[in-house]
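Novice: The chain contents come next:
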Amino acid sequence: MTQGPLTEPAADVDGATAVAATPPGSSTSPGAGRRRGAGRAMRQLRRNRSAMVALTFLLLVVLAAVLAPLLAPADPAAQDLINQLQGPSSEHLLGTDNFGRDVLSRLLFGAQVTLVAVLQALVIAAVAGIPLGLLAGFVGGPVDAVLSRVSDALLSLPPLILALAIVGILGPGLTNVMIAIGVVLAPPLFRLARGAAQSVTSETYIEACRAMGCSPWRILWRHVLPNASSPLLVQLTFSAGVIIIAEASLSFLGLGVQPPDASWGTMLRDAFDAIYESPYFMVAPAVMIVLTILSFAVLGDGLRDALEGRGVSVPREKRGVRGLMRMATTRRG
Amino acid sequence: MVRIVVRRLLSAIPLLIALSLFVFVLLDLMEGDAARAAAGENATPEEIAAASERLGLDKPLLLRYVLWLGNAVRGDLGESLLSSQSVSALIFERVPVTLSLALVTLVIAVLVGLPLGIAAALRPNSALDRFVTAIASVLMAIPPFVIGLVLVLIFAVSASVFPATGYSALGEEGFGEWLNHLVLPAIALAAISGAELARQTRAAMVDTLGMDFVRTVRAKGLRSPMIVGKHALKNAGVPIVTILGLQASRVLAGAVTVEFVFALPGFGSLAVTAVNQRDIPVILGIVMVSAVGVLIVNLVVDVSYGYFNPKLRR
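These protein sequences, in sequence, are chains A and B.
Okay, so the first sequence: first residue is 1 according to the numbering used here, each after it adds one.
Okay, so the second sequence: first residue is 1001 according to the numbering used here, each after it adds one.
No lab work stands behind these hints, which were simulated from the structure alone.
Glycine included, every Cβ here is placed at the ideal spot set by N, Cα and C.
Do not rely on the hints blindly, as some may be mistaken.
[Claimed, not checked] Here are a few chain A residues that face chain B, going by a calculated C-beta distance under 8 Å:
no., residue
1, L55
2, F57
3, A74
4, L164
5, A165
6, I169
7, G173
8, W217
9, W221
10, S249
11, L255
[Unchecked claim] Sample of chain A residues at the chain B side, in silico, Cβ under 10 Å:
no., residue
12, P88
13, S89
14, V150
15, P259
16, P260
17, F272
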């Protein structure tokens, strides 16, 4: 199959001009080449308007989360049972929830919880998936066989079911949920890292490096990992969206963030509990969840387009359907 | 074809063993808690020890695993820690609800996603194509339970068109009631699946419609509906069925939250209850039954490849 039908011809032109525009004679060391490639990818990403809008939105969310203690008009946990389920007013810009808590403040502090959750789960997934994947691809043999089997087994389960099971084992709570989601997201990273390690291991320059006495760790760290970094970056961006869905789902079920802490998922749960009294205060957390997930998806698409040709084949790997299909052919958000 | 089925079934065995061993070892990390949970909140150490013995938790891990595996192969997944009911019975009384939900979901997703995908592919870059693509991208970013909440709000709380909660079995009050209770949760689940299906159908059809053989049949004078419906769609079938197969896992995961929103007594709500009560044997059973379910769907998808593309018949 050919590449996506919507691949914009402009993308290729961009690439060509970018190559032509780089001054000749500066491409002596491989490090410089890699840096130039990254610069080109950045330029291409910057031209992708929807990706930049998504990135801006995400940066605003990060900013709002970091500045939550300053921005929040009220204590997110302060209850005011007389003024519960109020509509928007000058005192409470987004109204109050079923305990009379300020929705805007909870939304801001919820962003904090969500972003910390994303970070935690990404780190866990990366630490669990990437080194093992590099190892399996590089060493091969029984190590690879065992690790790949476990990874396949984990991939064969619906992610949320697996996360639920792990939360069932560890008990509810945000950190446990993030460990669970980290474990769920590790296998795709494992596969990408393993694939990259396998494809590079037989290259002559690795052989040369080995002959020169490089340690296996140096080869993995300096030569194999950089080759895998583009697809891993794209995969991590997509994973962030998955994490937000999972955090929201599990917190909504009462298994994640525990009250009175605010997260977007627990806010939806509070809204659901009060759905007959005041149907509309679910709007704010729902909109934030959807926009944030959408932004990560759009940014991921943009990154993949920008990094195309640098070993990015995330969807195929991610889905593991034998390269018969190509995910997400659409090039736009 | 039989060979494919047999080969795939055989390759599923190590997968299931690896998965069960992984979960079993994880579960073992909290074995003391399991005995405590079973013995009740204010149990004395002696009572906990007795519960541990009754549940077989005093035996070594590997022995317990082999015993569990031996029983599981015969369909006995052990007993729930809390209700002392058999796990298989607990699970299989919930399966029809979730299967019904999955069925209605897939019907909706196919009825909406497939035609929209084809329509978009027939006129790439047209207004309709861009509209479908944009809507699909947005829908794919909305967690099913959020859609469920919105649907409850619109159709059950404000308008009372559909029941907001509960389930009516097929045999109880007839087909109409059954469908009535499933429509909203199925729409909530079908949004993502339908969107993904539309996007993939569009992509596969654009590819196929650009191939030489399509030009040939068109030159032969075949009418457009025949070209699209018979020739192109069948050739685009492999990626479309692949996506359809992936929805099994997606629907199962979405069912966990959606069944909770709509108070459907299905597989997903059983999972939530089991996790809340930390009912280990039930959790283990749920994991294994989900894995087997997903494997069966994958098998059906694999076999169907042979129909769409004879080259894949080995």
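Novice: Work down the list of hints and note, for each, if the structure agrees.
Specialist: Results for each hint:
1. Annotation: L55 of chain A was flagged as interfacial toward chain B, and the flag is violated, the nearest CB pair being 16 Å apart, outside 8 Å.
2. At about 12 Å, the closest approach between the beta carbon of F57 of chain A and any beta carbon in chain B exceeds 8 Å, and the interface hint on this residue is violated.
3. Against a cut-off of 8 Å between C-beta atoms, the interface hint on A74 of chain A is violated, since the closest Cβ of chain B lies about 25 Å away.
4. Annotation: L164 of chain A was flagged as interfacial toward chain B, and the flag holds, the nearest CB pair being 5 Å apart, inside 8 Å.
5. The closest approach between the C-beta of A165 of chain A and any C-beta of chain B is roughly 5 Å, which is under the 8 Å cut-off, so the hint is satisfied.
6. The interface hint given for I169 of chain A is met, as the beta carbon of that residue sits about 5 Å from the closest beta carbon of chain B, less than 8 Å.
7. For G173 of chain A, the interface hint is violated, the least distance from its beta-carbon to any beta-carbon of chain B being 12 Å, above 8 Å.
8. Checking W217 of chain A against chain B by beta carbon gives a least distance of about 27 Å; that is not within 8 Å, so the hint is violated.
9. Proximity of W221 of chain A to chain B is violated relative to the hint, the smallest CB-CB distance being about 28 Å (cut-off 8 Å).
10. Look at S249 of chain A: its Cβ gets to within about 5 Å of chain B, closer than 8 Å, so that hint holds up.
11. For the restraint placing L255 of chain A at the interface with chain B, the shortest Cβ-Cβ distance is roughly 6 Å, inside the 8 Å limit, so the hint holds.
12. A cut of 10 Å between beta carbons decides the hint on P88 of chain A: the least distance to chain B is about 18 Å, and the hint is violated.
13. Against a cut-off of 10 Å between C-beta atoms, the interface hint on S89 of chain A is violated, since the closest Cβ of chain B lies about 22 Å away.
14. This hint holds: V150 of chain A has a C-beta 6 Å from the nearest C-beta of chain B, less than the 10 Å allowed.
15. Proximity of P259 of chain A to chain B is violated relative to the hint, the smallest CB-CB distance being about 15 Å (cut-off 10 Å).
16. Nearest Cβ of chain B to the Cβ of P260 of chain A: about 19 Å, over the 10 Å cut. The hint is violated.
17. Restraint check, F272 of chain A versus chain B: the minimum CB separation of about 6 Å is within 10 Å; hint holds.
The structure does not agree with the numbered hints 1, 2, 3, 7, 8, 9, 12, 13, 15, 16 stated previously, though it agrees with the rest.
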